[in-house]
Amino acid sequence: MMSLRSFRDPVLVALSLVALWQVLHHIAGDSAITAPAPTLTHLWEMIGQARFLPHLRETGLAFLQALAIACGGGILIGVVLGGHRLTGEVAEPILVGLYSVPKITLYPVILLLFGLGMPAKVAFGALHGIIPVVLFTMNAVRNVNRTYLRTGRTMRLAPMQTAWFILIPATLPEIFTGLRIGFSLTLLGTMLGELFASQRGLGFLLMTAIELNDVKTILAIAVLISAFAVLCNAALLAVDTRLHRGAAPETSGK
Amino acid sequence: MKKATWIRTVFLVGALGALEVACRSGAIPATMVTAPSAMVTTLVKTMQSDEIGGHIEQTLSAVAIAMALSITGGFAIGFILNWFPVLRRAFAPFLAAYYAIPHFAFYPLLIVIFGLGSTPLIVLATLFAMVAMIVATMTGLDRVPRVLLKTARIHRLSLLDEIWRVRLPAAAPHLLSGLKLAVAYSFIGVIAGEFILSTSGIGHEIAFAYDNFDNPRMYALILFVLAIVTAFNMTVYAYERRLMRRRGI
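Protein sequences appear in the order of chains A and B. The first sequence maps to residues 1 to 254 in my numbering. The second sequence maps to residues 1 to 249 in my numbering.
The set of hints was computed from the structure by calculation and includes no laboratory data. We put the beta carbon where it would ideally sit given N, CA and C, even for glycine. Accuracy of the hints is not assured; some may be wrong.
Per the computed footprint, the stretches of chain A lying under chain B, defined by three or more beta-carbons under 8 Å from a beta-carbon of chain B, are [to be verified]: (1) 7 to 13; (2) 31 to 41.
No farther apart than 20 Å at their CA atoms in a straight line, the calculated lysine to any residue pairs in the SDA-like style are these [unchecked claim]: (3) B:3 / A:96; (4) B:180 / B:242; (5) B:3 / A:85.
Facing chain B, from chain A, some residues (calculated, C-beta under 10 Å) [what the hints assert, rightly or not]: (6) 56; (7) 57; (8) 61; (9) 204.
Working from the sequences, and respecting the hints, build out all of it.
Okay, here's the thing in structure tokens:
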């Protein structure tokens, strides 16, 4: 019922996107955009090839490391900033300023600091992802309802129990939203890092294909990354809505 | 001034001073980071040379067009999606995943469709920035308190009046944060495009300076971009504060 309906509409949109792609192919021709079916078969062939796997692994590793840093570091910093009010007030405008700065201009600086290769990609991805995680975590910790904490004290909960029964359930929905946004931005940052001055990875393959004007490969990689991004995001979004639904009475009661 | 503002100012000035000292004393080699004062002097010198003007003009006009298109278009689309829940449900997963898609992969395609020059860059930046505005518009309109809409109905406002006098002002804070994001993303779109696949513009100049180990020029140009974006954001922020104060928040 509900779940079927919520699936049907996005699937329709996805189908119309594929149709649009086909139409574009007919307008622009093979040199600009290849048709959906050949692109997908090309993608399938590419994944089967041995030389493709190291690139995929490189990108995956860079992304996972960046994601780990962005999530772990972001939550840690966010909890500290949210727990201590003055530090949070000092840091928040700086973070918001950093968030809205076009970070791509800072990439040469990252390259100079970390050198070419994996560390620079990881740093650039983490730089993109960490700030939303920090901001969301900070706000979540700051907005924990004081009544809950007082109730906990009345019930003489131990600090560990307070954390487990009150703080984590109260902050989880907001933090998860931060993590979801951080996930997308980390992926974006890692890919951007690979497009510029890189020797391995999907971004590198993409750049080579762009230079060779190998449209089929360009689109195949773009489809692969987009599909990965959209699917992961849909899953995260589903968890996110579920968490927020659980937290709904609390927010509407305020 | 508030205590937090003081501490922040002291902290930022101190960090800048520490960087300056570290660079001047050689603790951080000049091949990595140049001293902030050197960045500023190089920036002034670069601005005085006449060849940079064309690049700046090209980048800024591309950003301005992309910004205008993405803000108006994003607002319109966000409004429509908010008005028709069916459309919104259909598009929501795609909007949420949008920023994880590597847009730059589609740049060659845009070149074939729109030709060389700044048009594909503008299209790329617009596509990139518009979704931030769409999402902000939808959240803003979602958060309009029910009671305001009821009041509007009691006053028998026409639909247009209700939208203009109630919905939009109530959604303004979210619209403004969407605006800020759209500006930042327009810059990212244009500059990243220039970075990777262009032969002119500030982004290309930064990448060119990086490739030629011309660090002072690179840092000066980076500083220039960051200064412009920050100045714009500060203006919006100041306006936002005034809006908030008028509402007594």
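Q | Restraint outcome when residue 61 of chain A is required to lie within 10 Å of chain B by C-beta distance | A | Since chain B brings no Cβ nearer than about 18 Å to residue 61 of chain A, farther than 10 Å, the hint is violated.
Q. Hint check: is the beta carbon of residue 204 of chain A less than 10 Å from a beta carbon of chain B?
A. Since the shortest Cβ distance to chain B is 12 Å, the answer is violated.
Q. Is residue 180 of chain B within 20 Å of residue 242 of chain B, Cα to Cα?
A. 16 Å, holds
**Q.** Minimum beta-carbon distance criterion (10 Å), residue 57 of chain A to chain B
**A.** 18 Å, violated
(Q) Just to be careful: measuring from the Cβ of residue 56 of chain A to every Cβ in chain B, is the smallest value less than 10 Å? (A) Residue 56 of chain A check fails; min Cβ-Cβ to chain B is 14 Å, beyond 10 Å.
Q: With a C-beta cutoff of 8 Å, work out whether three or more residues of the region 7 to 13 of chain A approach chain B closely enough for the coverage to hold.
A: Per the Cβ count (4), the hint holds.
Q.
Verify this for me: three or more residues of the region 31 to 41 of chain A with a beta carbon less than 8 Å from a beta carbon of chain B.
A. holds (count 3)
(Q) Just to be careful, I want the Cα atoms of residue 3 of chain B and residue 96 of chain A compared with a cutoff of 20 Å; is the pair within it? (A) 19 Å, holds
Q.
Hinted pair, alpha-carbon criterion (20 Å max): residue 3 of chain B, residue 85 of chain A. Please report holds or violated.
A. Cα-Cα ~12 Å, so holds.
In summary, the numbered hints that this structure violates are 6, 7, 8, 9.
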